[in-house]
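Peer 1: Use the sequences and the hints to build the structure in full.
Protein chains in written order, with my numbering: chain A, 17 to 492; chain B, 2 to 493; chain C, -15 to 146; chain D, 11 to 632.
None of these hints come from the bench; they were simulated from the model. Source: prediction; values computed, not measured. Among the hints, erroneous ones may be present.
[Unchecked claim] Simulated crosslink set (EDC-like; lysine to aspartate or glutamate; CA at most 20 Å straight-line):
no., chain 1, residue 1, chain 2, residue 2
1, B, K442, A, D365
2, B, K365, A, D305
3, B, K365, B, E436
4, B, K442, A, D172
5, D, K363, D, E448
6, B, K364, A, D172
7, D, K603, B, D295
8, A, K176, D, D583
9, B, K364, A, D125
10, D, K588, A, D172
11, B, K364, A, E121
12, B, K365, A, D365
13, D, K572, A, D305
14, A, K176, D, E587
15, A, K171, D, E448
16, B, K364, A, D305
[As the list claims (entries may be wrong)] Distance windows between CB atoms, simulated:
no., chain 1, residue 1, chain 2, residue 2, range
17, B, F42, A, R211, 18 to 24 Å
18, A, W416, B, L460, 39 to 45 Å
19, A, G442, D, I50, 38 to 44 Å
20, A, P278, B, L460, 28 to 34 Å
21, C, I(-11), B, N60, 44 to 50 Å
Yeah, the Cβ is synthetic: ideal placement off N, Cα and C, and Gly gets one too.
The lines below spell out each chain.
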Amino acid sequence: MKVETITQLIIFIPLLGSLLVPLAGAISPKLRSVWSVLIGGMTAFLPLTLIPQAFKGGEVLWSKRLALGLDFILIIDPLSIFMSIVSSFIGFLIIIYSLGYIHHEDHQDEYYLMVVMFIGAMMGLVFSGSLVFIYLFWEIIAIACWRLIGFYRQKDYVVKADKAFLMTFGGAVVMLLGFILIYVQTGTFNLEAMRGAAIPGTAVLLILFGIFSKSATVPLHTWLPDAGVAPTTVTALLHAAVLVKIGVYAYARLFLYTFKIPEAWQQAVIILAVVSSLIAAGGAAVENDIKRILAYSTISQIGYIFLGLSVANPTAISGSLLYILMHGLAKAGLFLCAGIVIHSTNKRDIREMGGLIKTMPITAISFLICAFSVIGLPPLGGFFSKLLVIMGTIKANQIWIAALALFTAILTMYYLMRAFSFIFLGELKVAAPEKTPSMVGVVTVLALFSVLAGFFVSYPMKLVQMATTHITWWLR
Amino acid sequence: MAFSFIFIPLLLAACLPLIGKFSKKLIPDVLTNAALAFLLFNSILLIKPVLSRGSFFENINWFGENINLQIALDGFNLFMLFTISLVSLCITLFSIDYLKHYGHQANFYALLLVMVAGMNGLVLVIDLFSVYLFLEVAAVASYALVAFGLGSEELEASFKYLMLSVVASAFILLSITVIFGLTGSLSFQAVARGLQDLNAGLAVGVCLAFFIMGFGLKAALVPFHAWLPDAHPSAPAPISAMLSGLLIKVSGVYALFRIVYSVIGMTPALSRVLMAMGAISIVVAALLALGQNDIKRMLAYSSISQVGYIILGLAIGTPLGIAGGLFHLFNHAVAKGLLFLNSGSIQHITGTRNLNELGGLGKKVPITAGTNLIGALSIAGVPPLAGFWSKLIIIIALVQAKHFGYALVAVLASILTLWYYLLIQRKAFFGPLNERWQKIKEAPFWMTTANIILALLCLLVGIFFTPVFNTWITPAADALARGVQQVLMWGI
Amino acid sequence: MIIQILLLSGLVIFSILAILLKDLLKAALSLAVASLFLGIIFFRLDAPYAGVFEISVVAGLITVLFALTVALTRKDSEVKEARLTRLAFPLFFVIFLIIDGLVMKSLLQQVPALPAGPETGSFGEVLWKSRTFDLVAQLGVILAGVLAVLALFRKKEEDKDE
Amino acid sequence: MMATTLLWPIIFPAVVAIVLFLIPARIKLVREVLAVLSSIILLYLGFALFSLKNLILKADWLGTGIYFDLRLYQFSAFILLALAGFLFLITLYSVIKMYDHPRIREYYGYVFLAAAFSNGAVLANNFILLIFFWEALLITTYALITLGLKPTSHRTAVKSLIIGGLCDFSMIMGIGLIWASTGTLTMDAVHLEPHGLAAAAFILMMIGAIGKAGAMPFHTWIPDAALDAPVTFMAFMPASFEKLLGIYLLARISLDFFELKVGSPMAMVLLIIGAVTIVLAVFMALIQKDFKKLLSFHAISQVGYMILGIGTAIPIGIAGGVFHMINHAMYKTGLFLSAGSVEHRAGTTELKKLGGLAREMPWTAFGFSVCALAISGVWPLNGFVSKEMVFHGALETGYPIFAIAAWVGAIFTFASFLKAGHSVFFGPRSTEVPKTRESEWPIVLPILILAILCITFGVYNKLPLENFIQPVIAGQAEPGQHLDFTAGALNLFTPVAGVSMLCLLMALGLHFYGWKRGGKKAYLASEPIHHLPVLHQLYDLSEARFFDIYEQGVKFLAWLSKIMFKCIDRPIDFIYEKIFVVIGQFFTGLFQKAHNGQYANYLAWTIGGLIAVVWVILQLLP
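Peer 2: Below is the structure:
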């Protein structure tokens, strides 16, 4: 099959498939679960078939003319293939996990519809080569994310969901203004055609505003910890697999692949990235709700990824791309472990938990492994990504920034170990058995992947290498 | 052929009270819906000739002897005819079930048809005085329809609406007479030719001011918007949908911009004034909408804000701006009609419109909740629904015309818009289920189908916006953008 | 020129009275007198047909209708008006007059001499030849008015039984 | 031999570890036999590779300068052999010691995984590969400490993880700086002058090395681990492996990567750290009540000698430091293993409870005494030889203060071991400990082997000096001069040896005086020193962990996070949560007042609007 048709399938199968979920749900809950897993599986499998195309390097363009130059363009290059593999794989694992997690909740039709549409829109965004369609999929994700955060329908939960929707929508709309400024200057929305063009500073500021609101960097981050009110699978989906990676992907696609970000802005983003990861790490060390800790930890790690991308030398870029994969695996594992803990003890405050390692050994071990991967201890995957990002930062002679990043790494170690010892160690307060095997299975798979990614890091590294050389046109 | 748009509704309206005598409900329903369906079909049929010949001119002959009734049809007013007949068809479909407890189906339909005829006439006509007359036809019908419920609150609101509209019509008539004085004739073509070689700057300026005031009040622009938030909540749901969806657009926006563009000709000064008023009304109305807790009142303010967007779009003057404004006019007509009909079904289901009493209806009435969500998101400009594309085009046009301030206002106001629509979602549908509404069930058949049709329209126009844009919006925008030449070359 | 001003001021005074008078019957009568003045002005501006219609229809028919309805219906309680509005209207009217005067004075100099309008000729032929479309519109307005009356004054008791 | 044989010392123990993990807990003997056998194979591999001298393996790994290349040269072969040797002894020892441990299944796995990573770290020739294996040890150390099954053992494990993490992150920073200045990551290609940025790189790399070796101020987890972790771990990691790895890297930093000049600022830093570590740690060791804790503090203090030796940057000093490393590894492991055998039999390591075990455990007593004498630097054991070389080096630097510190250390080392030996083995038989007999042979044999090694390395010191230490220093000396340390190694009649003997005598006197004061109770021998005026307060403070970098660090981190959370995070959230909402409501209220439903009001608005529009249009008209 041609590469373009595969990509169209990757995008439209989940998007259209998600619309049929309520239909399947009306027939029988079993059919709905099977259908969602099937769609999730297909979306996870198809990007893998694109890997040979990724290793060929270069990009394949496909476009369909629509009115007023707003035509629908697909870019299939190593960066988008890598992102689609990462997101769809973790998303698929989360769908399997949520079979066990929400089988007794109501509104399940809407839940599966939104999750599958979420992944489909992410695929769309990753492959889309026109600014308008990046924005379009960006907003579809915002709608799905709003409905999912408000899943439990309590009063203050829905207020939090609205807050998240408004903040991301606000950022995105301002970003759209930036896109239009670029459109007015370059005369087209097509990224590939605009490659290398110089863009006005205000457009850069507006776009950064949108990117930082979506990927929760400090000044616009407070909606992410509040989104902890959603079911754990949703927060896992939000944090690890898809949502926050969108901002990072957009930054890479816009400010590395298409435009060269002006020098002053680059320095500003570097500083903001490090400051954001430091403050978020501080927040994580203070919070006591397990999901808020992991949320702040995500903000801190996203700060790292931004640091790598904004420093913009090959090592740092490949480091942050690798970081996206490693962080996705590890953070999904952490969240799903937290899900198992909350599901069985139905408590959220870590001070009320304790000694759970005695009743939940596998979850404890997986949590520990994923925590080590997030901290960046070898032989797990997280080590390489954090190392490359820091080496890249030093090579771009940002010594003090690298020092601050390392201090944040120590802070990360502190709060993750604090959380682990509060939850799993000490004396057993609530005897909580380890709930459904499917959930524990997924968690072990994720922990295993973190370990394997550590040992066989050269394979993902090759793909990341191809993506980096492809993106950094201004180096050649 | 085009004359049928006026003649059929008037004729049917005339004989409906008689028909109403011997069959209370069935025949009036069928007849009205059939008539509007025919008009819709007719407008679609007319696309081919209008596209091929640009604009054409019709002369009616009464049994062979020509009695020079002239009406002209070009891209712009065909688009308006299509919007009017489409939305009013859905409204009449909705009101089949809605009007059970009002009774007098026939009277209601008669007034509705007169209003449609008035609007169609206003759109088709080629001279100023007839514009005024058809304006009055639609206005009188709307006064009666607003007060159709005969409650004290409805009568008081209708009276206020009547008194303010009469003031507006007086000013419109005043400026028509001044123009008649200046150019000695009333037909668009003669006036346009007369004004071109006449340098009466001041007089034309004052006429324009009166026009802006008159049609601004009809279109509910901010300083003149006060009647809308009182008239809409008390009117029956289909009528507030008609009012908000069509009347303020036809008698306000269409008339104003037809005269400004095709007769007097747009000047940069005028465009700046109109854009300023548009921007003010976007922001003020959005802020006002935030504070409401009655669904219909909030939707009324939202209409004022969205009309502000339309005027902001049309007033830019560039073809892209006009296209954006018109596309938003269509999207808003469809989406706001849907939301008002939806509030009608909420009132029908729960009996109340107060947001604080509602809660978590989404669980019990999923279709109404779903359609409300689609309508709300479309107006808020969230992709992939239709509202997004029109707002996008307006903002692109604004940025291209270097109006960065207005672009920022348009962008930030859409956040406010989303904010109060989320308010409705949270209080009415998305929150926890209020125990009072345990036993409610879905709205009757016709009401739900009308909602679903409009929601599908929002979605499909959003997804297939290219064909819709090319067939309807571009010819209308070109017709308007050609400005005064358009009228001059009408070829009589 | 003076007679013109006298007539115009008479028209204005009587129409104000029509609004301010408490008793409905006197209000109707002052409306009739005002429309009489208007008819005379039409005649002076050599628009005979307009003058005829004005005096016969408005001064005659409508006033009779008003008087009839007022007599038939009971004399119900006074319309309570907030004190403020009673003061507001005259004050408002005076301001409006001043502004109107200023604008019109400056406007009039600007307005070039009115060219002879093409619509000369008898009323009938003007109505049928060039302004036939207004008939349709007038028909529409009248129909709208009739239907409005039908809808608004439909029998009350029907509503109660629902 | 082919280059891929270099992969064997890394892959073989890793595979063994995985197999050991998989063996279910129920099957008893198979695990122990497999562990001992594979450690023997590893020892053989160590000898084979040592004879090879030079081998290089280059393979691609992560691109952009990061290659998977290993390099066997004289120094790394020697360390590899030593590691394999100690692994064999400790595995043999653990067969009995850890026999009925509830989590035995994981223990051997972690030990062999640690061995794999250590071999990897020694052989690595690319900085990234070095830091990969170097940091991987953190996890195995963390896991092994948790095997102590004490309530506080996890707290110590986390403490070691975070301190280790701190040092390794600074090492990453150092590597980054080296990469930034030299542009290459292969270790044997790097040779820098430690000025400016390179000086910072040196300091950071040095922190990484001494952090692993357990010098001040990164030592605080070792005394806690002494009680919380199993004694085999104490013998395995802090005593042998970490010292070997830490000082190996420190030696390579000061010899290969950076030019260390005598008396240069960098050398001064090393000298100071070495001296401080010697003195403070030995003072702490003196007053310890628990046998294992006493030994752990000595482990820290002896590292001071090695760092002091390398810090002198004089060939004899460096040779002394490196030789001290291997000697210390031997006798420290021996001491820990003997403490373990005492604990195995007597059940406790409290000096107060023990006493007079020499008769019941003769072999352990003999092993202990040989190692104790070796650590105190008594002639002719190996401790004496390496300490003399360090003393010579320290004197030649021209700053006598460091030599004095070393001597003070020697005094109190001997005093504390006299106290320990006297109270555990040679004093009157204590009543609290029941009748015991000698430990099984797998426990006693490693102690004896180590004792014999101490003696041979001391008496016949030509063997270690010639083929282990000489080649390492070869590069350092001026080309012409042939380095010969063995000549005067053992002669007693030099002034330096005289001073050392004097120190030993003073220590004997001190112990005798303390023993007398304490009413003939050996474990109170150090009380006089304990109650000296200034020292008393310092001791109490350090008991309350005041000088512990980890406790202070954690308090600082918690405080900083609270500040950042309260002053930055919450205000930002406050803006979104409250301020935007309030502004919205304010404006809404403002306009709402204008809508009071009265008709006159609306009319006023309309007319006002009209006037405004007219005025604006008139303004704008040309």
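Peer 1: Give a verdict on every hint.
Peer 2: Going down the list of hints, with the structure as the test:
1. B:K442 to A:D365: Status violated; Cα separation ~40 Å.
2. B:K365 to A:D305: This hinted pair is violated, its Cα atoms lying about 33 Å apart.
3. B:K365 to B:E436: holds, 11 Å
4. B:K442 to A:D172: violated, 26 Å
5. D:K363 to D:E448: Holds: K363 of chain D and E448 of chain D sit about 18 Å apart, inside 20 Å.
6. B:K364 to A:D172: Within the cut-off at roughly 18 Å; holds.
7. D:K603 to B:D295: Holds - the C-alpha atoms of D295 of chain B and K603 of chain D are around 17 Å apart, at most 20 Å.
8. A:K176 to D:D583: holds, 12 Å
9. B:K364 to A:D125: holds, 12 Å
10. D:K588 to A:D172: Holds - the C-alpha atoms of D172 of chain A and K588 of chain D are around 15 Å apart, at most 20 Å.
11. B:K364 to A:E121: Holds - the C-alpha atoms of E121 of chain A and K364 of chain B are around 13 Å apart, at most 20 Å.
12. B:K365 to A:D365: Roughly 34 Å separates the two Cα atoms, so the pair is violated.
13. D:K572 to A:D305: holds, 15 Å
14. A:K176 to D:E587: This hinted pair holds, its Cα atoms lying about 10 Å apart.
15. A:K171 to D:E448: violated, 72 Å
16. B:K364 to A:D305: violated, 30 Å
17. B:F42 to A:R211: 18 to 24 Å: violated, 49 Å
18. A:W416 to B:L460: 39 to 45 Å: violated, 52 Å
19. A:G442 to D:I50: 38 to 44 Å: holds, 41 Å
20. A:P278 to B:L460: 28 to 34 Å: violated, 40 Å
21. C:I(-11) to B:N60: 44 to 50 Å: holds, 46 Å
Of the numbered hints given earlier, the model fails hints 1, 2, 4, 12, 15, 16, 17, 18, 20; all others are met.
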